[in-house]
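Sequences are here, hints too, so could you generate the full structure?
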Amino acid sequence: MKRISEHPVLGPLEEEEIGFEFDGQSYRGIKGDSIAAALLANGVRTLRYSNRDGEPRGIYCGIGHCYECRMTVNGVQSVRACITQACDGDVLESQGENRREGSNDF
Amino acid sequence: MISDVVVIGAGPAGLSAAVAAAEAGASVVVIDENPRPGGKLLGQLHEEPGTGWWIGAEISKSLAKRAEEAGVRILSNRQVWNLSPKWEVALDNGESVCGEYAVVATGAAERPLPIPGWSLPGVMAIGAAQTLTNYYRVRPGDRVAVVGMDPLSLTVAHELSMAGADVVGIYLPSKSVFAGSQADPDRNLEYLAGMSDLAPNALLRWGGRLASNRALRNLALTFFPTSGIPLMGTKLNLRKSIVSIGGDERVQHVEIATIDKHGNPGKTRTVDVDCVCISGGLYPVQELTRDCELVRIDQLGGTVPLYSPEMETSQSNLFVAGNVTGIEGAKIAMAQGTLAGTAIASRLGRIQGKDAVDQAAEAVRSARKSSAITFMPDIDEGRRIAEDLWLQLEREKSMTQKDESYA
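Those protein sequences? They're chains A and B, same order as listed.
Per the working numbering, residue 4 is the first one in the first sequence, and the count goes up by one each step.
Per the working numbering, residue 48 is the first one in the second sequence, and the count goes up by one each step.
Calculated from the structure, these hints are not laboratory results.
One should not assume that every hint holds.
Some chain B residues close to chain A (C-beta under 7 Å, calculated; not the full set) [stated by the list, open to error]: (1) Ala-175; (2) Thr-178; (3) Arg-184; (4) Met-209.
Stretch by stretch, here's where chain A covers chain B in the computed footprint (C-beta under 8 Å, at least three residues) [claimed, not checked]: (5) 80 to 93; (6) 154 to 166.
We put the CB at the ideal spot given by N, CA and C, even for glycine.
Printed below as a string of structure tokens:
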């Protein structure tokens, strides 16, 4: 996976795990992760599908400006995954009119 | 909720302003839309000349701790929807926070630099990659291409390779209406020339040395190897640009063109990557100062509010600090924040005499002098223009006041 567990300057990563669900699948994250970071650490890049053409979208700006990472968090629509902390037990869903099933399976 | 001071933005500038005001005895509330205080400081990681590693996450933590110990209330996860005079801050949850003084420390955002294919998952702004790598400890990709050559992109390229990513190269953007002079190899070399020997990594120092005189720059452009120059685990490519990004559902490859010294594309080839980081440069986020005197100064990164030597805008009791006043490093933002907070504490009568404010102003000047990275090559000129315009504004104001007193 993409988690940087050892780092030459920052040292080892302290891990207190959390569990959450995204589009019906279960994932593990680390306490303090943003939703976007937790999903990326699991190899999930697609967070949303564009409304018009159903194209996949992922993290872009990382500071809550572009809204590319918006998703439904515990029933609340269009929450920005890049600046929202992932919590244990979160139920997350991607948004988009024409979303294709199963395209997060990589 | 009513307090002496409301600070918008819990980055290095906002936290420093809050600490300075609260330690002098003022009541302070800080509002930030992120889950944790620190702003973009959280993701910073570079080696400072003489003083070792600058670990933004740790500095953020100790600043926030100091603020809390001084009694500052930090409201995280709260968006500011409006700021209205004397001074009411409307929040996204319908509540508002009022303060006799307000500090806008909203920082900077990245200029988008569109490239065909940039909406694919795996393409992200360079700042997003920085926070993911150094703060969240998640590698944005295993094979990464970086587009745009500037102090931030060179720093993050190094950080990515320290974190185990294969940074295949740093490339220029292709010529386009969006890229403007960022696609011009000569302008990029000139930009690199702004890097000093104090620069925090070899990539930046190398650029500074190579580009420090015009004749050398021309030579460098003519003879710059089209295969790039290998440095710190990546390749600096002044003679290559990224034409497009491709892949099925996510980034899988980029198309790279060899360019002549004017940036015109020649042959292209495809390189496999799983992540592209785009660096289009930074601009001040100044929406909340819309009722202040604003001026566009490109040397500072865009449109900024004018402000007094004590960081007060043309709206009385509304202060600014950090990158909202122009693009500079975190140390300078912190010094500006301390100045704003100290000036406010003095106005509130919490600090006697002028010494503390003068010292804080001097600290901003010395932070600029010892700055390891210069983001905007002509920042000094930009600051001078802003200072002159402020003085002009003051003169106009005093003349209008005179006119009124005669009437």
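Hint check:
Contact between Ala-175(B) and chain A, as hinted, is supported at the beta carbon level, the nearest pair being about 3 Å apart and thus within 7 Å. The closest approach between the C-beta of Thr-178(B) and any C-beta of chain A is roughly 5 Å, which is under the 7 Å cut-off, so the hint is satisfied. Look at Arg-184(B): its Cβ gets to within about 4 Å of chain A, closer than 7 Å, so that hint holds up. Among the interface hints, the one on Met-209(B) holds; its C-beta lies about 6 Å from the nearest C-beta in chain A, closer than the 7 Å criterion.
Only residues whose beta carbon comes within less than 8 Å of a beta carbon in chain A count, and the segment 80 to 93 of chain B has 6; three or more means the coverage holds. Counting residues of the segment 154 to 166 of chain B whose CB falls under 8 Å from any CB of chain A gives 4; the rule of at least 3 is met.
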